[in-house]
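Residues 203 to 438, numbered by our numbering, are exactly what the sequence shown covers, in order.
Wrong hints could be hidden among the right ones.
Calculated lysine-lysine pairs in the PhoX-like style (CA-CA distance at most 25 Å, straight line) [to be verified]: (1) Lys375 / Lys298; (2) Lys243 / Lys216; (3) Lys411 / Lys308; (4) Lys236 / Lys216; (5) Lys411 / Lys304; (6) Lys304 / Lys436; (7) Lys411 / Lys436; (8) Lys308 / Lys429.
Restraint-style ranges between C-beta atoms, simulated for each label pair [said to hold, decoys possible]: (9) Pro272 / Thr325: 44 to 50 Å; (10) Ser245 / Gln213: 16 to 22 Å; (11) Gly382 / Gln414: 40 to 46 Å.
It is worth saying that the hints were derived from the structure and are not from the lab. No residue lacks a Cβ here, since even glycine has one placed at the ideal position from N, Cα and C.
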Amino acid sequence: ADRCIQNIYRQLRKDPEASGKYPGVLASLLMLDKLSIEDIKASVTELMAGGVDTTSITLMWTLYELARHPDLQEEIRAEISTARIASEGDVMQMLKMVPLLKGALKETLRLHPVAVSLQRYITEDIVLQNYHIPAGTLVQLGLYAMGRDHRVFPHPEQYRPSRWVRSQSHYFKSLSFGFGPRQCLGRRIAETEMQLFLIHMLENFRFEKQRQVEIRSTFELILLPEKPIILTIKPL
Numbered sequence: 203a204d205r206c207i208q209n210i211y212r213q214l215r216k217d218p219e220a221s222g223k224y225p226g227v228l229a230s231l232l233m234l235d236k237l238s239i240e241d242i243k244a245s246v247t248e249l250m251a252g253g254v255d256t257t258s259i260t261l262m263w264t265l266y267e268l269a270r271h272p273d274l275q276e277e278i279r280a281e282i283s284t285a286r287i288a289s290e291g292d293v294m295q296m297l298k299m300v301p302l303l304k305g306a307l308k309e310t311l312r313l314h315p316v317a318v319s320l321q322r323y324i325t326e327d328i329v330l331q332n333y334h335i336p337a338g339t340l341v342q343l344g345l346y347a348m349g350r351d352h353r354v355f356p357h358p359e360q361y362r363p364s365r366w367v368r369s370q371s372h373y374f375k376s377l378s379f380g381f382g383p384r385q386c387l388g389r390r391i392a393e394t395e396m397q398l399f400l401i402h403m404l405e406n407f408r409f410e411k412q413r414q415v416e417i418r419s420t421f422e423l424i425l426l427p428e429k430p431i432i433l434t435i436k437p438l
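Build the full structure now, drawing on both the sequences and the hints.
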């Protein structure tokens, strides 16, 4: 990655007109010349880590869970069909009419969070359950552990998107993107991207498991499937 960025940087320095060969964020940052090359490397790496693997892995887990639960898959497909008709092709309106689809994504992030924890440095002293935590301490919220805590989620081992329907849900249970002013900046883009992807895929294809094997998570910077997820995709 470093070599690729350096090569593009040298070519743009030699011939600024070559920027048309390299569309995208990287070339734009290099041409603006407002950041050091090291800052640009860090920014591009963060964009890739935060905007590619995170959404793709979540979508892969969601399709895996829907393939494991064919009745649920059909229920979400019917919800999408109803929303498509009711919205008369207005995508923004359609996205407001698919609570079960959104619940499926939240349920995926509960069982298969991209990150195992949410970390913050606290800015002032706080006391939690009579335990004093001084300002400047790095605190972690265990997303993976909380998602499997039966005190927070009844029957945590079950994949049940209906638990996220607004009438049955509570705030601050879904924290995969963080919360407040320091939550993930790309949250709304990621959520919309994943919702649209699932809508188009479920409208056109049926997903089935190829083998009856439970797939667990493994930690490699982010949580990944321990083995390849293999699905059969059939056109509708």
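Pairwise hint evaluation, Lys436 against Lys411, where the allowed Cα distance is 25 Å at most: 11 Å, holds
Straight-line alpha-carbon gap Lys236 to Lys216, limit 25 Å = 18 Å, holds
Can you confirm whether the C-alpha distance between Lys243 and Lys216 stays at or below 25 Å?
20 Å, holds
Given a hinted range of 40 to 46 Å, is it respected by the beta-carbon distance of Gly382 and Gln414?
42 Å, holds
Margin query: Need the status of pair Lys308, Lys429: alpha-carbon distance at most 25 Å?
Written below: 22 Å, holds
**Message:** I want to verify a distance hint. Is the separation of the beta carbons of Ser245 and Gln213 within 16 to 22 Å?
**Reply:** This hint holds: roughly 19 Å between Cβ atoms.
Q) Within a Cα-Cα threshold of 25 Å, do Lys375 and Lys298 meet the stated pairing? A) 20 Å, holds
**Asked** Are the Cα atoms of Lys411 and Lys308 separated by 25 Å or less?
**Response** 21 Å, holds
Satisfaction of hint between Lys304 and Lys411, Cα-Cα up to 25 Å: Given that 25 Å is the threshold and the Cα spacing comes to 22 Å, the pair holds.
Does the alpha-carbon distance linking Lys304 and Lys436 stay inside the 25 Å limit?
-> Holds, because 23 Å separates the two Cα atoms, which is no more than 25 Å.
Holds or violated: 44 to 50 Å for the Cβ distance of Pro272 and Thr325?
48 Å, holds
Checked against the numbered hints above, the structure violates none of them.
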